[in-house]
Amino acid sequence: MAAATPLHLQNKPHHHHHRLSSLFSSSLPFSIKTTPLSTSKPSSLIISSTSNPLLSGRKLRAAVIGGGPAGSSAAETLAAGGIETFLFERSPASSKPCGGAIPLCMLEEFSIPPELVDRKVTRMKIISPSNLTVDFGKTLKPNEYIAMLRREVLDSFLRRRAETAGATAITALVTSLDLPSSPASPYVIHYNAGGSRHSLAVDVVIGADGANSRVAKSIKAGDYSCAIAFQERIKLPDEKMEYYQDLAEMYVGNDVSPDFYAWVFPKCDHVAVGTGTVCSKQNIKLYQRGIRERVEPKISGGKVIKVEAHPIPEHPRPVRIRGRVALVGDAAGYVTKCSGEGIYFAAKSGKLCAEAILKASEGGLRMISEEDLRREYLKEWDGKYLVTYRLLDLLHRVFYGSNAAREALVELCGDEYVQRMTFESYLYKRLAEGDRWEDAKMVFNTFGSLIRCQIVGRDIQALRV
Amino acid sequence: MGTKQETHVVALETEDPKGLNIAEQEAKFGFNAGSSTTTSRDAKDDDEAGSGLDTEPSAPKFSDERWKNGTWDLNMFVRDGKMDWDGVIVAEARRRKFLEMYPESATNQEPVLFRSSIIPWWAWMMRSHLPEAELINGRAAMVGFFMAYLVDALTGLDVVGQTGNLICKAGLLVTVMGVIFFRRAQDFDSLRKLADEATLYDKQWESSWQDQDAGDAGDGDSGRGGKKI
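Keeping their order, the protein sequence lines are chains A and B. Mapping to UniProt numbering: the first sequence position 55 is 55, numbers consecutive. Mapping to UniProt numbering: the second sequence position 63 is 63, numbers consecutive.
There could be a bad hint or two in this list.
[As the list claims (entries may be wrong)] Listed below are the simulated DSS-like cross-link pairs for lysine-lysine, each with C-alpha atoms no more than 30 Å apart in a straight line:
id	chain 1	residue 1	chain 2	residue 2
1	A	Lys281	B	Lys193
2	A	Lys429	A	Lys120
3	A	Lys306	A	Lys235
4	A	Lys220	A	Lys441
5	B	Lys61	A	Lys285
6	B	Lys193	A	Lys138
7	A	Lys240	B	Lys68
8	A	Lys235	A	Lys96
Keep in mind the hints are simulated off the structure, nothing from the lab.
Isolated chain B, as found in the complex:
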């Protein structure tokens, strides 16, 4: 785990409709399931007529001192007089991750009201786009310098001459396109899968119109089923 912080929580004293108290708990972000409280579920036992739900200790509930009434209290994210949007994004990511691991029931008593759209666009850019852009630009600059040197050594064209040459310009275009689409090695696969997926549904509809003999082979089974990468 990258960041292991202990967030001191003032647990929300909530009463769910059946009158059970979820007692105060200290949620360390190591997610020790052992620290969760056991709540009595006997009252709910008669619900399940053979549906197979067994009683078990309830999962830890998400609590954070800055999460109040279903939304983040933005006042608590102010640092040195300035709003720390980065902190809001990280906190929201933490909350969503927690809920992914321990899904909570959607109650009407504590509805979630937080919308990520209140975080301004430049905060998103500064967090995600800029670091990656810096990385790629840096790499491009290094590769460019080295390639200019190499081409000069091989062909004798200096930088001014290279920029005038058609082949060099074409090579530059291909490189730029390549970098944009294939940033990481796995991009090759993802783009190919994307192309496949994008046309699969069309193929399934078109197959009725194809030659009967082609359809006879029973090859219509696109039983991959899983459409997600």
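Same shape as in the complex, but just chain A:
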């Protein structure tokens, strides 16, 4: 097999192929390509494994299971790259319970048309357990905002775009996934569509089916701890809705959540009031009542139009790739701590995984292996975002631990530098340019606030006894 395949070089002109291929191809399974004859600067050593066989007579087949942001982005990228793609979605019309906030960079990177945006949130308020309120948006420029969308609108737009790019959309519930018996045999997907059972054989599977991923179960990817997010959609009278025109609120406190925050997010014509927790799921109704009471004057007179809940993963699954199956989005557990942001990372991971498959298979010509997925997708992803995830985990642990820490958090958020840094990193997903001196002051203030609030906290404990 190795002798027949022309060896692939990424940065050499093609005529070198034949000269070198005769030297290597017959003897070694791997070929080491160097550039001994070129006069340009020495390029990096490229080890291309020729054990990736060429597919004869067909393109690589890929199935993306789950038609949310992650699945649709993956399907679109795959289809546009020339791979035969199948996108499975069990209920295209339903809306997943979600905060619905996406950063600015997602609008640009994924070319989301502005008509989809319901609201542009330009102001945020953070409220501490003792009701200290901080305006968190003073540093936003006029063209910066947090976009609020309805999930059903966004999801269907992305799915339609994937179909236009060439993906085959299948409305079906995937029931099981058969793992291949040998390295060359395909994965078989069993699904229910139109009341009958079907199956489909594919080479690569991307699992984008969310927190209760069936794909993850099939490949025994392991479990993760989930938070539960519970929210009520409340339609407010007009004058109350005016207040939430472009304002989102975040509440912290033991009465609203022991390890997360509660929120009031404005949607198209109503607000979503909700909370979440990891460690105390059985008391979620209590916490919901807590947030309702905290927001009481601002939502009184409103009517609850929908109640919804959904699990949110807290950290990645132990196994994110097995064989030629990769998990992306919520199925992989790419939700950040502290803010609970998941839409952007889902879409981005879908895109990255698809790009990895395209690269490893050279546009659908070759079969890929688990090693390719690890190298091109997992490594890239971890390299790009691990720091972000770790930092947010640290913030979560430090500031969501106790009421004292939450008070410190809100105090710190009053600082303009903190606000600027936070928004820059959130909106553009890049490490913001910081002033060393201001950084030092911020660290100093952090410790100061934490210490002060701990002291008051200890007094509170003393009063209890």
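Please build the complex by placing chain B on the supplied structure of chain A, with the hints as guidance.
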């Protein structure tokens, strides 16, 4: 309860948006819930379409004569011509404790404006750091004296000789480090839990890169969930 004072309050006559009056109440710091006033909530009943919120007497609202317009009136904390920062800290602790027990809704009409940063740093130190430092230093002095006597009795090295001896100096270093990190018995546990927690998230991310066989056991369930001590 350590301090049981009766704070005479001039209750804030407030009208919330629905036009209800929260009448004057005398809040004893025994937190007698019975003294709270019942406010009519019929007007709000039609809000909850099956959300399960039932009518109940509203919780006592925090009132203190020194708490005005969402902040502490510092003029009322002056004692003998000097500012009583300690009193401010205690009052703020009381307020936060009250709100922990009876959370209030965050209104726009009476926003909380008090920031603890207006209390100067030395007031915090005098309240929290100094008493504990005094305690620890006192203990250290007593232990030190006794150990010097004991070592002298056992080895014959007097204090001057002990300070020159390497073993004694090493022992002193270990003791100092120990006292700093393990001030109370529960510090052992907290530090261990801290170390565990600090590395848990990393482990969860790294597990994808570990050997497949190790991951097969399905041991990825870090279902502790609760991350707080």
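Going through the hints against the structure:
1. A/Lys281 - B/Lys193: Holds: lysine 281 of chain A and lysine 193 of chain B sit about 22 Å apart, inside 30 Å.
2. A/Lys429 - A/Lys120: At roughly 18 Å apart (the allowed maximum being 30 Å), lysine 120 of chain A and lysine 429 of chain A satisfy the hint.
3. A/Lys306 - A/Lys235: holds, 9 Å
4. A/Lys220 - A/Lys441: violated, 47 Å
5. B/Lys61 - A/Lys285: OK: lysine 61 of chain B and lysine 285 of chain A at ~23 Å, within 30 Å.
6. B/Lys193 - A/Lys138: Answer violated: lysine 193 of chain B to lysine 138 of chain A is near 38 Å, above 30 Å.
7. A/Lys240 - B/Lys68: Given pair lysine 240 of chain A, lysine 68 of chain B holds - Cα atoms ~27 Å apart, limit 30 Å.
8. A/Lys235 - A/Lys96: holds, 19 Å
Checked against the numbered hints above, the structure violates hints 4, 6; every other hint is satisfied.
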